[in-house]
Every structure is written in C-alpha cells, then in structure tokens.
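Engineer: Letter by letter, the chains look like this.
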Amino acid sequence: DTEVTQTPKHLVMGMTNKKSLKCEQHMGHRAMYWYKQKAKKPPELMFVYSYEKLSINESVPSRFSPECPNSSLLNLHLHALQPEDSALYLCASSLGTVTSTDTQYFGPGTRLTVL
Amino acid sequence: EDQVTQSPEALRLQEGESSSLNCSYTVSGLRGLFWYRQDPGKGPEFLFTLYSAGEEKEKERLKATLTKKESFLHITAPKPEDSATYLCAVRSPISSGSARQLTFGSGTQLTVLP
Numbered sequence: 001d002t003e004v005t006q007t008p009k010h011l012v013m014g015m016t017n018k019k020s021l022k023c024e025q026h027m028g029h030r031a032m033y034w035y036k037q038k039a040k041k042p043p044e045l046m047f048v049y050s051y052e053k054l055s056i057n058e059s060v061p062s063r064f065s066p067e068c069p070n071s072s073l074l075n076l077h078l079h080a081l082q083p084e085d086s087a088l089y090l091c092a093s094s095l096g097t098v099t100s101t102d103t104q105y106f107g108p109g110t111r112l113t114v115l
Numbered sequence: 001e002d003q004v005t006q007s008p009e010a011l012r013l014q015e016g017e018s019s020s021l022n023c024s025y026t027v028s029g030l031r032g033l034f035w036y037r038q039d040p041g042k043g044p045e046f047l048f049t050l051y052s053a054g055e056e057k058e059k060e061r062l063k064a065t066l067t068k069k070e071s072f073l074h075i076t077a078p079k080p081e082d083s084a085t086y087l088c089a090v091r092s093p094i095s096s097g098s099a100r101q102l103t104f105g106s107g108t109q110l111t112v113l114p
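These protein sequences, in sequence, are chains W and F.
So in the numbering used here, spot 4 of the first sequence is number 4, and the numbers just go up one at a time.
So in the numbering used here, spot 32 of the second sequence is number 32, and the numbers just go up one at a time.
Mixed in with the good hints there might be a few duds.
In silico PhoX-like cross-links for lysine-lysine, where the CA-CA straight-line distance does not exceed 25 Å [what the hints assert, rightly or not]: (1) W:38 x W:22; (2) W:19 x F:42; (3) F:69 x F:57; (4) W:9 x F:42; (5) W:9 x W:36; (6) F:42 x W:41; (7) W:36 x F:68; (8) F:63 x F:79; (9) W:41 x W:22; (10) W:22 x F:42; (11) F:68 x F:57; (12) F:42 x F:59; (13) W:53 x W:22; (14) F:42 x W:40; (15) W:36 x F:42; (16) W:40 x F:79; (17) W:38 x F:42.
The set of hints was computed from the structure by calculation and includes no laboratory data.
Bound conformation, chain F alone (with noise of 0.2 Å):
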C-alpha cells in the first residue's frame, strides 16, 4: 500500500526565513509525485510534478527536489501571502481501473509571520 508522510505538520516562519517541508515515501513503481498548494476552504493549487530522483523544479521562491525516498520543498526568503497548506501526493500503478489514483499525505500547514 503507498504511503505518504509529511513533516512537519505545521511550521511557523518568520518573513525572509528559508526553510524545507519534506515528503516522505512508500510506493511500488512512482509515477509522479505532486506538491499542491491550499488556501482555507479552496481547493488545491498545482505547484510541481516530479518524475525521476534526481529532479528539481522552481517556481517563483519554491523549489521541488525528488529522491529515490523523498521529496523536499524548500522555501526560500517566504513572504506571508506563502502561508497555506502544503500538500505531497504520489501517483502509482493501481490494479484495477484504467486510472490512476493519488495517495496524499495530510500536509504541512505553513504560517509566515510578517
């Protein structure tokens, strides 16, 4: 059975703090791993998709790196409209149906303080 595991739950920041979330792994034959972006009562934004360890992705201050086990999301210099939930999703081959399910962790809720 794949598994998600996020950490930390939630992380405070200063304004200008860099920091990392991290995502942790388990899955038979990955097909992508996703970073999600979500604002209270919203729905999920698309930041990244990683394939291969090895990659890396930026967007603006975000950074999306991939390894055989885990993926990080660092965040540099965070301004406080970065403040939402972050949220990991694997994608892999699943037995039955001809799509693809997404196995999710429950998220890392940041705060930047200004």
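This is chain W alone, in the form it adopts within the complex (with noise of 0.2 Å):
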C-alpha cells in the first residue's frame, strides 16, 4: 500500500483566517514533504520533515506553519494568506532519507482557494 491521504480535498478560507492542512501515511516512511502547485506549473517544495524534524524550509513565509507531531502525521497551519497563495497543496512521503532507493508518493492533494 502505498497511500497517503490528505484531507480536506477542498478549502476556501478568506485572508484573515486560520486553517489548517492535514496529511497522513501509514507506510512507516521517516521523510514528509510539502508542495504547493500552481496550475500547469510543476510541484514547488516548500519543507520537508525528515525523522519528524523539519530538515528543509524552502524560504517559505510565516503565514505557512508545519508541524509534524508524529511520524505518520504532517499538518501546514495556515494563517493570513494571501490570493496569490491559492493552489494545489501536496503532500508526499518517502521511506527515508539518505538511500538512494526512496520514491515520494504523493497525496491527492488539497485544492486552496484564499478570497
């Protein structure tokens, strides 16, 4: 199985809330990662956890917040977005971190649109 799930599938939230992401794997994979997709453009990464401590913060702004309280979990805490923020946030994971073999398998996705 090779499924990672992220919920909600959709958000709409307006410039002054707060919201929050969330993304799950139950393949025992150490690495976390999130990406955020702007249409016909590839993934960007934004941070990747790996072994549940943020190893990579891509210079993304304060308005986005991840957090990893576990090893199966990652949430992105969102706050004061902006429009330009709207996107496809996903979410992958990978076995581990320093083998050359591991894959990232990516979540569906959660579909933000900030009014």
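With the hints as a guide, dock the two chains, each given alone in a separate frame, to form the complex.
Structural biologist: Now the structure itself:
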C-alpha cells in the first residue's frame, strides 16, 4: 500500500482566517514533504521533515507553518494568506532520506482558494 | 544547478498511435530519475524510478528508458485513459540537510483521442 491521504480535499478561506491542512501515511515512511503547485506548473517544494524534524524550509513565508506531530502525520497551518497563495497543496512521503532508493509518493492534494 | 527539460510541452495522439516523451536532464550525481503521471486536480501518481544508464522499466503500455543525458517514456498503443500530464523529476545529493530534493520538469500534457 502506497497511500498518502490528505484532508480536506477543498478549502476556501478568507485572508484573516486560520486553517490547517492534514496529511497522513501509514507506510512507515520517515520523510514527509509539503509542495505547492500552481496550474500548469510542476510542484514546488516548501518543507521537508526527516524523522519528525524540520529538515528543509525553502524560504516559505511565515504565514505557512508546518508541524509534524509524529512519524505518520504532517500538518500545514495557514494564517493570513494572500489570494496568490491559492494553489494545490500536495503532501508526499518517502521511506527515508539517506538511501538512494526512496521514491516520493504523493497524496491527492488539497485545493486551496484564498478570497 | 540541476535542470530538467521535458518535450514536447503538449502531445495529441490518436488512440493506438505510439509515441515517446522526452526528459533531458543536467544534474551532478544522479540519484534517481522519476516519472509521474498527474491527472487534473490530483496528486502525481508514481510510475517509474530509474537509476543508471541503460536501465528500462515497463508497466502496461508504458516503458521508461534512461541514458546519461535523457530519459524517454514510450507509450505503446495508447488509450484515452492514458491522457494526463507526465512529469519527470531527478534527484541529486544536496549540500545541506539530510533530505534529498526532487527537481521537476514542466511536464508533457498528453491527450489521446478516441
């Protein structure tokens, strides 16, 4: 089973709202990722967690706050977003980060619209 | 800096008309080349991982090959359900952190007409 789940599927929020995106995997993967994807563009890496610790932050604005409560869960907390933050937010996971065999498996994504 | 270029940007085929998608890459120390399929509004679906020149992998109507500079995704006798965007990505060692990043190409949008 290579399933990564994400909730919600769709989210509409105002610029003053606080919301969270959730990602879950039960494959025993120790690396988890957040990507942002705009229409007709490839995914852009935002954050990487390795063994529940933030490993990479790709200079993402502080209005995006990631959290990894345990090895199976990854959250993305959203606050004071801008309309240009509207995009498909993708979560991915991979077995580990130190071997050359780890494929990233993506979830279905959360379609975020900021009004 | 790693670079990945996919061509063509868009491809329209008739059902049963075989073709190939190209992924050219420039990377220091390839640690894997990945093919994904992405349907509109969905997350990328993993297809293949290739690690070394000469390697080939097949799955149903798809076959991926790898050379030192490029990878091809061959589609044999495609069906309308093969319509999707096909993404190529490469992974290389990075200088900081413990995680390996993916560099994606811009994708090839494939449409297979019945």
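Engineer: Hints first: check each against the structure and report whether it holds.
Structural biologist: Checked hints:
1. W:38 x W:22: Holds, at about 19 Å.
2. W:19 x F:42: holds (21 Å)
3. F:69 x F:57: Roughly 17 Å between the alpha carbons, so the hint for residue 69 of chain F and residue 57 of chain F holds.
4. W:9 x F:42: holds (10 Å)
5. W:9 x W:36: holds (14 Å)
6. F:42 x W:41: holds (13 Å)
7. W:36 x F:68: violated (30 Å)
8. F:63 x F:79: holds (15 Å)
9. W:41 x W:22: Since the Cα atoms of residue 41 of chain W and residue 22 of chain W sit roughly 23 Å apart, the hinted pair holds (cutoff 25 Å).
10. W:22 x F:42: holds (16 Å)
11. F:68 x F:57: Within the cut-off at roughly 16 Å; holds.
12. F:42 x F:59: holds (21 Å)
13. W:53 x W:22: Given that 25 Å is the threshold and the Cα spacing comes to 17 Å, the pair holds.
14. F:42 x W:40: holds (12 Å)
15. W:36 x F:42: With a Cα-Cα distance of about 12 Å, the restraint between residue 36 of chain W and residue 42 of chain F holds, given a limit of 25 Å.
16. W:40 x F:79: holds (22 Å)
17. W:38 x F:42: holds (12 Å)
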